[in-house]
Amino acid sequence: MPQPPAHQRLSDEPLDLGTLIAASEGPGFGAMVVFTGTVRADNQGKTVTGLSYSAYRPLAESSLADIEARAAAEHPGTRVLTQHRLGDLVVGDTSVAVVARAGHRAEAFAAARWAIEALKKEVPVFKLEHYADGSQAYLDGCSLNQDSTS
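According to our numbering, the stretch in the sequence shown is residues 305 to 454, in order.
Since the hints were made in silico from the structure, they are not lab data.
Below, a list of computed lysine-lysine pairs in the DSS-like style, where the Cα atoms sit at most 30 Å apart:
id, residue 1, residue 2
1, Lys-350, Lys-425
2, Lys-431, Lys-350
3, Lys-350, Lys-424
Construct the entire structure; sequences and hints are all you get.
Shown next, in the form of structure tokens:
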């Protein structure tokens, strides 16, 4: 399967789903699944006012590219593209996007799920939560052997 056009995997600006969707197109794909994660207003009993995401860009970019390639290998006949936001976000902002294309919906859903789980576990993006009480805290990452579903 030909490689998709290059796309921006990390962004300091709001994520552009239209561009990501267009970059994932291909004539053999009859199904598309789009997953987005947004900043939510509460976490572990605290009111969240926003997040700050940071990363060592070369490593995070490489990790996202690797996940896209592995997703295609794990789910033959699919194309998966990922994008993660960096910088300061407020409640409701989109922080991550995954677009999965396949010939049929089952493969597209499976590839999207696989990619977001791998992204959450493997990509070195650091998440600093800001709370309504003025405090802030970096969140612990996912364990590499943990099945994350949130």
